[in-house]
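Mind docking these for me? Both chains are given alone in their own frames, and the hints should help you get the complex.
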Amino acid sequence: MAGEHVSNDEFFTQLANLFEYNRKKGHGTVYLTQKRVTADDGADAPSSAKVADDPLWDTHPENPLPIVIRANNNKSTKRKGTDREDIPKIKMSTVVQPDQLDAFYARYAEVCKAGMSALKKRDKKKKKKDKKKKKGGEAETKG
Amino acid sequence: MPLFKTSTEWYEQSSLLLQARPTTARITSKYTVLKPIPSKIAKREKYAAKRETKSNTAPNTGSPPPTSSNLQDPSEPSVTFTLKTFDPVSGVCLQYQTTKAAEVGRLVGSLGRLGRHMAALPEAMEDVTTSVDKPGEAVSTPIVEKDKPLGGAAPEAKAAGGGGKKKKKGKK
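Going line by line, the protein sequences match chains A and B. Final position of the first sequence in full-length UniProt numbering is 143; the numbers increase by one with none missing. Final position of the second sequence in full-length UniProt numbering is 172; the numbers increase by one with none missing.
Note that these hints are calculated values from the structure, not bench results. Errors might be hidden in some of the hints.
[Said to hold, decoys possible] Covered stretches of chain B, as calculated for chain A (at least 3 residues, CB under 8 Å):
# : segment
1 : 10 to 16
2 : 26 to 36
3 : 101 to 109
[What the hints assert, rightly or not] With a Cα cut of at most 20 Å, we get these calculated EDC-like pairs of lysine to aspartate or glutamate:
# : chain 1 : residue 1 : chain 2 : residue 2
4 : A       : K120      : B       : D73
5 : A       : K75       : A       : E85
6 : B       : K35       : B       : D73
7 : A       : K25       : B       : D73
Being a predicted model, the structure only gives us computed values, none of them experimental. All C-beta atoms, glycine included, are put in the ideal place defined by N, C-alpha and C.
With the rest of the complex left out, here is chain B (with noise of 0.2 Å):
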């Protein structure tokens, strides 16, 4: 059950699996917000507390400035958002997860474009994708593109997938 940690990755992965199996697999994605429970207060303002005393009595280190700014409220909820590809027939399970509201935009965007492979359309129009300019996604997004349009190629990902791709998941 690998957790990717870029989505470009998350997305690829995705789209290989859902060209396998087209009509099993289902993506679901989770948003949620966690009110911490009490015990998980105390955890963080205890943590927030040692991370003090220790920017204090250590502050020769020179460069790591205290970034107190940076930490957050102890009771601050927790907010997630999750993605999960799954295929309860190979069992394969790819996740994502951010906190970033800024990555909303372009994750919905991606699993619209993996909309497309459940609906057995052909690839649209990838330059105009909703995607920021980041060079790695701009650089990954051809190669998913290269590999799609090939009726062989769904085939062969399965072929090999069943249980090889289920291992290479596993080893991560």
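The shape of chain A in the complex, shown without the other chains (with noise of 0.2 Å):
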């Protein structure tokens, strides 16, 4: 966990590099982690005084935490007879104030959307094709 949380804008664009790199390769994985701020912050100290007498705490704090999005890649190391590479490991958090989460996630849509590009597309054209096929195909045995 060690390592800097960036700022939201920068994370996109890291994470744009991420999947861009990726689509590039043709080949890897990405991690996308989102998980709640623990309360090691030292904003949220006076919270631990309520863990003793209400385990139940943490699922109504008073106020709205912040959420943390990490993204990493896996490392890779060269091997002989494949075409593996060394790659180091690529890893960014950041953190998200709960004001801010609508945007964020917004704006995460899209670059998701336009990194994972490699998923099946809608493909409107073979359908229409498997259609036709099928008619014919009735039709043949019809007559």
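Structural data, given as structure tokens:
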């Protein structure tokens, strides 16, 4: 967990780079994690006192808490006989304040949609072709 | 470790888990592109060939036509997007996996809504859901909403959930 949090804007540019990198390589994984920021930042120190008398304190904190978003890829090491190269692990993280959550996720969705381009697209042409084929097939069997 | 068939189901269960354990549960999304290894390519080719011969020899079954156009190129990478909600304390792990690009926007939208649980924010105006007009989801979101704002709902879920939830998950 060591390492500095970057600003939200910077996180998005880095994330876009990470996806782009993955796309160029044509192989690899991008991990995205989201989690509530735990109370070790000092800001929420008083809440630790509550833990003693209410074990469920975390289900109803008085103030909204920020959440942390992490992104990373996998390290890869060079191996003979394959096209594997030495790739360092790239990781980044950012803290999203509760009031920016909606705006953040709107952008996040855009970046993810753009980045995950290798997933299957909706293919209307194929479907149409299939339908035609089906019709053709039926006609043949009838005739 | 249930792998849900629909994203709606995954969202509902994850939202319940996050209400019960908002500090420890985390959501990991994995986007992975895998180039097939040579043996996998061989396997795919074999399978394609087998399917073709089958459809050629027995065309009289009528309705299911040969869908050779649907068959993928054997050397095509397999690409998946997996969502995983994991709570290390109770060991609950909820998963959903898709290969469709069309779902990404909606899934990240639901990540955002789950993020609101994490941040302990009240439920957003749900009528502005990013979801496309899916009847199943439209019906299901209000149910989640009803459970949400009650303070009592969460502790209940936890009290019963610790052991019970896990068991339920195991069966699936």
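Structure-based check of all given hints:
Counting residues of the segment 10 to 16 of chain B whose CB falls under 8 Å from any CB of chain A gives 0; the rule of at least 3 is not met. Remark: the segment 26 to 36 of chain B is confirmed as covered by chain A, as 10 of its residues place a Cβ nearer than 8 Å to a Cβ of that chain, reaching the required three. With 6 residues bearing a CB less than 8 Å from a CB of chain A, the segment 101 to 109 of chain B meets the requirement of three and the coverage assertion stands. With a C-alpha separation of about 13 Å, the suggested pairing of K120(A) with D73(B) holds against the 20 Å cut-off.
Annotation: proposed proximity of K75(A) to E85(A) holds, straight-line Cα distance about 10 Å (limit 20 Å). Of the pairs offered as hints, the one joining K35(B) and D73(B) holds, with about 12 Å between alpha carbons and a cut-off of 20 Å not exceeded. Among the hinted pairs, K25(A) with D73(B) is consistent with the structure: their alpha-carbon atoms are about 19 Å apart, no more than 20 Å.
Checked against the numbered hints above, the structure breaks only hint 1 and satisfies the rest.
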